[in-house]
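The listed protein sequences derive, respectively, from chains A and B.
Under my numbering, the first residue of the first sequence carries the number 1, and numbering increases by one thereafter.
Under my numbering, the first residue of the second sequence carries the number 1001, and numbering increases by one thereafter.
Take the hints with a grain of salt, since some may be wrong.
To be verified - Mimicking SDA-like on lysine to any residue, the simulated pairs with C-alpha atoms at most 25 Å apart in a straight line are:
{"hint": "1", "chain 1": "B", "residue 1": "1127", "chain 2": "B", "residue 2": "1104"}
{"hint": "2", "chain 1": "B", "residue 1": "1139", "chain 2": "A", "residue 2": "231"}
{"hint": "3", "chain 1": "B", "residue 1": "1135", "chain 2": "A", "residue 2": "242"}
{"hint": "4", "chain 1": "B", "residue 1": "1139", "chain 2": "A", "residue 2": "31"}
{"hint": "5", "chain 1": "B", "residue 1": "1014", "chain 2": "A", "residue 2": "120"}
{"hint": "6", "chain 1": "B", "residue 1": "1139", "chain 2": "B", "residue 2": "1086"}
{"hint": "7", "chain 1": "B", "residue 1": "1126", "chain 2": "B", "residue 2": "1162"}
{"hint": "8", "chain 1": "B", "residue 1": "1127", "chain 2": "B", "residue 2": "1168"}
{"hint": "9", "chain 1": "A", "residue 1": "31", "chain 2": "A", "residue 2": "360"}
{"hint": "10", "chain 1": "B", "residue 1": "1015", "chain 2": "A", "residue 2": "184"}
Claimed, not checked - The calculated label-pair distances, taken between Cβ atoms and stated as ranges, are:
{"hint": "11", "chain 1": "A", "residue 1": "447", "chain 2": "B", "residue 2": "1159", "range": "27 to 33 Å"}
{"hint": "12", "chain 1": "B", "residue 1": "1040", "chain 2": "A", "residue 2": "325", "range": "22 to 28 Å"}
{"hint": "13", "chain 1": "A", "residue 1": "360", "chain 2": "B", "residue 2": "1028", "range": "40 to 46 Å"}
FYI, nobody ran anything at the bench for these hints, they're computed from the structure.
We put the beta carbon where it would ideally sit given N, CA and C, even for glycine.
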Amino acid sequence: MAAVHGDTHGHEHDDHHPSGIMRWVTTTNHKDIGTMYLWFSFTMFLVGGFLAMGIRAELYQPGIQILEPELFNQFTTLHGLIMVFGAIMPAFVGFANWQVPLMIGAPDMAFARMNNWSFWLLPVAATLLIGSFFVPGGAAAGGWTFYPPLSTQGGLGVDMMIFSVHILGASSIMGSINIITTILNMRAPGMTLMKMPMFVWTWLITAYLLVLVMPVLAGVVTMLLTDRHFGTSFFNAAGGGDPVLFQHIFWFFGHPEVYIMILPAFGIVSEIIPTFSRKPLFGYSSMVYATASIAILSCVVWAHHMFTAGMPAVGQLFFMYATMLIAVPTAVKVFNWTATMWRGSMTFETPMLFSVGFIFLFVIGGFSGVICAIVPIDIQVQDTYYVIAHFHYVLVSGALFALFAGAYYWIPKWTGRMYNETLGKWHFWLSMFFFNLTFFVQHFLGLAGMPRRVPDYNLQFADFNMISSLGAFGFGLTQLLFLYIMINCIRSGEKAPQLPWEGAKTLEWTHLPTPAPYHSFEKPPVVN
Amino acid sequence: MVTSKSKANVLMLKKLLIFTLVMFVFGYALVPFYEKFCEVTGINNLLQADVRVKDNWVDEERWITVQFDANTRGLPWQFKPLQTSARIHPGEPVNVMYEITNDSDREINGQAIPSYSPRFLDKHLKKFECFCFTKQVLKPNETRQMPVQFVIEPNLPADIDTVTISYTFFELPGS
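The whole structure should be built from the sequences, with the hints applied where relevant.
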């Protein structure tokens, strides 16, 4: 416990930092910045959720009731952008900020000031995105993938979106450079790469993916901007450009992006399942290799988003087989999680419930992904609700459920207080029920041919849409329960024991007091 | 110890920033790469003439109606085909004239982009000469007649008896 002593000593430095709002504006502490990332992403989650409620309210019945079609399109576009870039991605960066230094025994992130900057870019970008609703012409309405020609035609809202994506991209790149450097250079003595916790591994690979593809996204939105205002013709057929080129470059970013949003989720779940099964993670090294394989494969499958955009059959076959190949390393991971639970002494606290729910529902999303990868089927379901159902199964019950699991798992370490277990379980079961109510029926809607991004629909789709909307309202309300549980925990939760989960084996549980002191591991721990 | 560590960090930062910059340039490099790829594989050869085949078989039993359509988008030109349609045999060479007039008092560069109906017509259409292969520069109030020479191959699916060839002129930047 020598390390603990060192840290309590470090705790005395607390008096030196500014108080009040300036503490948060000027902070370079990874824990403060992680906290800000998490609150920011939850706020964005509520904003994106509000837009989703608007979409589902309009789709509750056929006909136009609440949102005019133009506004509906803005809602779907901004819902996607805000959830992807504002909620899911910053939430994982928040977890990385809190957990990576704690799990590898580093005192802080490698570049503490850059860390502060990469966070404070986010509110600026979010203001631009949300503010675009209130400019003439409204927000971008061409879908979150902003394909031209719609995105080369829109008004000021599109420009605001482009700048916002630029800023978010810069923030992500700085964040990932920080994470890579921290993981590679600042591990405690004895913490070899193959001893790192899975969460750290998945984030290392994710951060590499981010620096690989985020600059490409920055490039493609810059091309869009110059096409709009400076007379270039990258995507303008009249000037010799090609709108299909945009789709290729966008998805060269966009497909790795979906793995950027799921790999850290794999990492969180890979920490929680062993803890609550009271067994070490089954097949650790195969997990590392599977994560790396997924990351590499994710760079050569982008055109499966474009099977109907016009492509030679050879291209369709290549992208179909490459996409289906990703199912192999993903299945290795699912197998390993299941094998970790096999004959474990399992208990089902809220983090474990969300993790097991994650595996169950993510596998459904994975299978519908394999179905979408098959070219003839994809040509049928392209741009239908089947695709919506597929990617919400991997992004909501995948990424988001893992985020909830991680929040419940680490909140005792962060705050020194326990959340209300009964309410946590309620949160899980209500989320589980309403999530499936919302999205399972969308498979049927898609197979029956209901197109996405349309505010009105044929009468034959009415029943399933009503069910889906009711589910969505339930799911939305349930997330307010999460907010309540977290605030309740932080303000008046029971004091957490030193080791709330006796199966937890990573450094932050074994080498630090609970709650983690403001300055931790100033003297690096020794890992055997 | 501390300084060597922060030096290593700064070195890492520099490497990763260079990598980021390289990937940004790579995004732009995809543009010429894509064009070259489409050209080499023949996926998107809007601006290239097809090669004439000597002993072309003409299906004299079959008649196809070819409709000609002409549009302008955002430039002050009049653009029309001299005939609106033609009855032809598949395999037979066809020559059609189009006329453009610049109604404005400035010189304008325009580029015509073809569009076909049905969409798969491009697989069965061989074009030997077209005003759409190059940009057209029209002086103020100039009028020009331009030919299109093409063959619709006899392997066009049997259920198709009418096809449409459409051109739209767009203004090029810098005119």
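Results of checking the hints against the structure:
Restraint check for residue 1127 of chain B and residue 1104 of chain B: not satisfied, since their Cα atoms lie roughly 31 Å apart, outside the 25 Å limit. In summary, the hint linking residue 1139 of chain B to residue 231 of chain A is supported, as the alpha carbons are separated by about 22 Å, within the 25 Å threshold. A hinted pair counts as satisfied when its Cα atoms are at most 25 Å apart, and residue 1135 of chain B with residue 242 of chain A qualifies at roughly 16 Å. Our distance criterion of 25 Å between C-alpha atoms is broken by residue 1139 of chain B and residue 31 of chain A, whose separation comes to about 68 Å.
Restraint check for residue 1014 of chain B and residue 120 of chain A: the C-alpha separation of about 22 Å stays at or below 25 Å, so the hint holds. Restraint check for residue 1139 of chain B and residue 1086 of chain B: the C-alpha separation of about 31 Å exceeds 25 Å, so the hint is violated. Distance check on the hinted pair: residue 1126 of chain B and residue 1162 of chain B sit about 17 Å apart at the alpha-carbon level, within 25 Å; holds. With a C-alpha separation of about 17 Å, the suggested pair residue 1127 of chain B and residue 1168 of chain B falls inside the 25 Å cut-off, and the hint holds.
With a C-alpha separation of about 32 Å, the suggested pair residue 31 of chain A and residue 360 of chain A falls outside the 25 Å cut-off, and the hint is violated. With a C-alpha separation of about 13 Å, the suggested pair residue 1015 of chain B and residue 184 of chain A falls inside the 25 Å cut-off, and the hint holds. Range check, residue 447 of chain A to residue 1159 of chain B: Cβ separation about 29 Å, and the 27 to 33 Å hint holds. A C-beta distance of roughly 26 Å is found between residue 1040 of chain B and residue 325 of chain A, which places it inside the suggested range of 22 to 28 Å.
Restraint check, residue 360 of chain A to residue 1028 of chain B: a C-beta distance of roughly 43 Å satisfies the suggested window 40 to 46 Å.
Figure legend: structure checked against the earlier numbered hints; hints not met, in rising order: 1, 4, 6 and 9.
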